[in-house]
Every structure is written in structure tokens, then in C-alpha cells.
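In order, the protein sequences belong to chains A and B.
In terms of the numbering used here, the first sequence is numbered consecutively and its last residue is 399.
In terms of the numbering used here, the second sequence is numbered consecutively and its last residue is 61.
To be clear, the hints were calculated from the coordinates, so they are not data collected in a lab.
A quick note: this is a predicted structure, and the numbers were derived from the prediction, not measured.
Be a bit skeptical, because a hint or two may be false.
[To be verified] Cβ pair distances, simulated, as ranges: (1) 66(A) to 11(B): 26 to 32 Å; (2) 57(B) to 318(A): 47 to 53 Å; (3) 65(A) to 59(B): 17 to 23 Å; (4) 38(B) to 253(A): 30 to 36 Å; (5) 46(A) to 59(B): 28 to 34 Å; (6) 274(A) to 41(B): 19 to 25 Å; (7) 33(B) to 116(A): 24 to 30 Å; (8) 60(A) to 57(B): 28 to 34 Å; (9) 370(A) to 41(B): 44 to 50 Å; (10) 340(A) to 59(B): 46 to 52 Å; (11) 86(A) to 11(B): 33 to 39 Å; (12) 57(B) to 192(A): 36 to 42 Å.
Note that beta-carbon positions come from the ideal geometry of N, C-alpha and C, so glycine has one too.
Chain by chain, the residues:
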Amino acid sequence: MKTDYDVIVVGAGPAGSMTAKHAAKKGARVLMIEKRQEIGASLRCAEGVNKKGLAKAGVPVDKRWVSADIAGAKLVSPGGHVFRIDESQAGAEVGLVLERHLFDKAMAADAARAGAEIWLKTAAVDVIKEGDKVVGVKARREGEPMTLTAGCVVAADGFESQVARWAGIDTSLKAGDITPCYQYRMVNLKTEPDYCEFIIGSVAPGGYIWVFPKGDDTANVGIGVLASKLKKPGEVKMYLDGWIKKDPRLSCGQPVEAIAGGVSVSPPVEQSVMNGLILVGDSARIIDPITGGGIANGLLAGKFAGEVLGDCAQANDYSEAALMPYDKKWRDAMENRLWRNWMAKEKFLTLSDKTLDGVIDTLSTANVDQMSVHNILIAIKEKHPELVKEFEELI
Amino acid sequence: MIVSIEKCMHCGACVGSCPQNAIYLNEIVLEFNDNCNKCGRCVRLCPAGALKMEGKK
Numbered sequence: 005m006k007t008d009y010d011v012i013v014v015g016a017g018p019a020g021s022m023t024a025k026h027a028a029k030k031g032a033r034v035l036m037i038e039k040r041q042e043i044g045a046s047l048r049c050a051e052g053v054n055k056k057g058l059a060k061a062g063v064p065v066d067k068r069w070v071s072a073d074i075a076g077a078k079l080v081s082p083g084g085h086v087f088r089i090d091e092s093q094a095g096a097e098v099g100l101v102l103e104r105h106l107f108d109k110a111m112a113a114d115a116a117r118a119g120a121e122i123w124l125k126t127a128a129v130d131v132i133k134e135g136d137k138v139v140g141v142k143a144r145r146e147g148e149p150m151t152l153t154a155g156c157v158v159a160a161d162g163f164e165s166q167v168a169r170w171a172g173i174d175t176s177l178k179a180g181d182i183t184p185c186y187q188y189r190m191v192n193l194k195t196e197p198d199y200c201e202f203i204i205g206s207v208a209p210g211g212y213i214w215v216f217p218k219g220d221d222t223a224n225v226g227i228g229v230l231a232s233k234l235k236k237p238g239e240v241k242m243y244l245d246g247w248i249k250k251d252p253r254l255s256c257g258q259p260v261e262a263i264a265g266g267v268s269v270s271p272p273v274e275q276s277v278m279n280g281l282i283l284v285g286d287s288a289r290i291i292d293p294i295t296g297g298g299i300a301n302g303l304l305a306g307k308f309a310g311e312v313l314g315d316c317a318q319a320n321d322y323s324e325a326a327l328m329p330y331d332k333k334w335r336d337a338m339e340n341r342l343w344r345n346w347m348a349k350e351k352f353l354t355l356s357d358k359t360l361d362g363v364i365d366t367l368s369t370a371n372v373d374q375m376s377v378h379n380i381l382i383a384i385k386e387k388h389p390e391l392v393k394e395f396e397e398l399i
Numbered sequence: 005m006i007v008s009i010e011k012c013m014h015c016g017a018c019v020g021s022c023p024q025n026a027i028y029l030n031e032i033v034l035e036f037n038d039n040c041n042k043c044g045r046c047v048r049l050c051p052a053g054a055l056k057m058e059g060k061k
């Protein structure tokens, strides 16, 4: 029997759009559904990405969706020690802060140009299974219930990760692997306009406070706190408001937008494919557990998924075995790094403010000229080998 | 579970964190289904403090 579509992508974020684009490019009949009325809004992101990540996924930088070019990063310890990484001095310019509402639309536009169909205000509410095989989704389009059949369903539904769980893949998280976040876009700030700032320690237990510049006196000022460190409702926002009040560079500012969201800081999923289903992006728990960044990994995984799905469409075979090349591709590209950074996260959240002060203090004399978790871990390995002992073979 | 619609930011942090997959966010409306076992994780982690357990102040 002919299905309605070869591929149905649930969720029009960057990972979903990349999947849709690359599958459609290879001739698959693709439908991408998005439950909201606008792709890329409302925002749930601090919007930082590195250029290398975009390049790896084959996404050329377009200044229309770039909010700010970043010269470097500042890691700030609880006692005010600063570890500054200046990339411009190294001739590298690696960081960008995006306009996600434009970026996501641009990615979706590429999918449309490749031939994918897009439906807005269409929410998946369940998957349809025949035996151990996913054969479609139950959806509501502007409230109207419908069933849609497909060779393969793509779970690109982000942190919620419900499509995978409806299908029977366990993507649930421990409290210690979840970071609820709160963020303001603030204006009239006195922070540096071309440095991303990360403030660590007990001001944001198990996470950090960030200041990501958005041009001129504007920045995304946000916080993530590990869920296992939270004791009472609304605490995430209280931590952030408390810090903003104390930091004179921020307390002079005013908010023009407030958003919230959840970030997984876990190891990646054990199973990313099953018969008729494939997981991409945040739903596959491939966010970097140290930085909380998920855009670059999501784009790359989406590219891999789309390419494999294009081959599957040509062979008309969406079995787990036929989808496995996707699982292998993304694991080869990022799995070791995700595990290493998860282990680093597990270690760092045990460190006291005093220890963090010491680490940042010694790092500030280290010669790190490019901002990456790997480079920072190398510097720590040199100065504080005891902190990375348990996972040094991954550094 | 009681949802404060004034405080809820429709962010989905509770949805993805729910061990029972018992919460559904339909664009802006949060719905809890019968799988909810009142573990309270969502109440603690809601970034906006928009959730509370029935019967609690």
C-alpha cells in the first residue's frame, strides 16, 4: 500500500529541517509538521553556535540570521577570577550568536526548496504502530484529527521527546541530567558586546549563568540549574533574578523578552532508530552536556538522517537495519565527545566554589587561544590532572 | 496538577522531564493525562514556578 508520505518529520527546528531537506533532495516525499504557528518562535535558546559546527553540517553562514560575531569567551569563577579566551588573537573567529527566529525559518526554507511540504499548527499526538513498526502519526491540524501514514517518522520534537517515547524508545532522563533554564533578552547592558560570558559556581548550581551578546547593549542573559539541585518551585528564575540584581553591568538593564526551556545534559540515547522511526536533535539527547549547546549537533544529525532516509526511500526499505547507517554516522561523529563532556559535567558539579576559584585562577595563565570544551579540558589536564583522572583517556 | 496559566511559559521543560510522559503541550495548553503519578518533579523544575500539586498551597 502506498503511504501518504515517504517521510514525516515531526518538529520544524534545525534538526527536523535538515532531515527534511536532505531526504527531499534525494527524492523522498517529505512532510514536515510543526505544532506552532511560526517556525523559530517563540524562542527556547541562548542562540550560541560555533562556526565549525555549521560548516561541518554544510550550512554556510548567512549574515541575515547572525545577531553577533563573537571574539571570545570569558569563564568567570564564583570569586570573580576570569579566564579569558580571545579567539581573534589566534586569527580564529569561531563563535556566533544567532537570531533563531530567522535561522530556523532559513533552514525550513531550504527544506521547502528541496521539495519538502510544511504544515504549521499541526501537532503529532501519537504514533501509529503495526506490530513493532511505526507506520505513521496521529495528528491534529488546526484542531482537526487525522492519521498520516509514512515509511518513516522522524522524531524531531526537541527536548519534549514524546514521539520516541510514544513509539516505545525510552528517552526519559534522570533529574541529574536535566537543566531547566530561564532567560531574558536584556537591553541597556554594560557587558562586553563581543564576548560570551559563562559564570559558574553556586550562583547556578550544576549549571551556569550566561551572557550572550546580541549586538550593541543587548544580550541573552540566562541561567540553567541542574534539576537535581532544585528544592522549591520557581527557583531557577530566582537564582537568575538574584544574580542580575547583584551584577551592576546587568542591573542597569531591562528585559524585552523572557523565555524558559529544558535542556538535557545526559549521555546520548542508546537507541536512535527502530523500524519506521528515527530520532534527531534534542529528542535523541545529543545536546552537549557541558555547554548545553544543541544546534550544531542537531544540524549534523539531521543531515545524516536525511541522507540515509533518501537512500531508504529509493530502496523503499525503512527497517531498523536500513536506518542503522544513520545511527553509526552520528555516533562516529559525536558520541565519544558527548560521553566525555557528560563525565566532565558529572565531575565539575561536585566542585566547591573555592575549588572552582582555584581552577579558573590557574587556567587564566594557560595558553588557550580557541574556545572549545576540548581545549579547556586539555588545559585543566595540565594544571589539575586530578580533576579529569576518571576520563583522561577521552581528552 | 494545577497549572497557572498566568505563569506558564509554554516551554515544555516539564514535558521532556516527565518520567511518565504524562504531560502534553498543545502549543500553549498543558494537559496532564492519567499516567501522572504525582512524583512532583515538574513542580520543582518548572523554570517559571507555574505548577503545583493539587491540595497543596
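Evaluation of the provided hints:
1. The given range of 26 to 32 Å is broken by residue 66(A) and residue 11(B), whose C-beta atoms sit roughly 37 Å from each other.
2. Roughly 52 Å separates the CB atoms of residue 57(B) and residue 318(A), a value that falls within the hinted 47 to 53 Å.
3. For the pair residue 65(A) and residue 59(B), the supplied restraint of 17 to 23 Å is violated, since their beta-carbon distance comes to about 53 Å.
4. Checked against the hint of 30 to 36 Å, the pair residue 38(B) and residue 253(A) fails, with Cβ atoms roughly 49 Å apart.
5. For the hinted restraint 28 to 34 Å between residue 46(A) and residue 59(B), the CB-CB distance of approximately 32 Å keeps it satisfied.
6. Here the CB-CB span from residue 274(A) to residue 41(B) is close to 24 Å, well matched to the stated 19 to 25 Å.
7. Between residue 33(B) and residue 116(A) the beta carbon distance is about 28 Å. The supplied range of 24 to 30 Å therefore holds.
8. Look at residue 60(A) against residue 57(B): about 45 Å separates their beta carbons, and that is not inside 28 to 34 Å.
9. The supplied range of 44 to 50 Å is met by residue 370(A) and residue 41(B), whose beta-carbon atoms lie about 48 Å from each other.
10. Distance hint for residue 340(A) and residue 59(B): a CB-CB separation of about 47 Å, consistent with the stated range 46 to 52 Å.
11. In this structure the hint that residue 86(A) and residue 11(B) lie 33 to 39 Å apart at CB holds, the actual value being about 35 Å.
12. At roughly 39 Å, the beta-carbon separation of residue 57(B) and residue 192(A) lies within the given 36 to 42 Å, and the hint holds.
Of the numbered hints listed earlier, those contradicted by the structure are 1, 3, 4 and 8.
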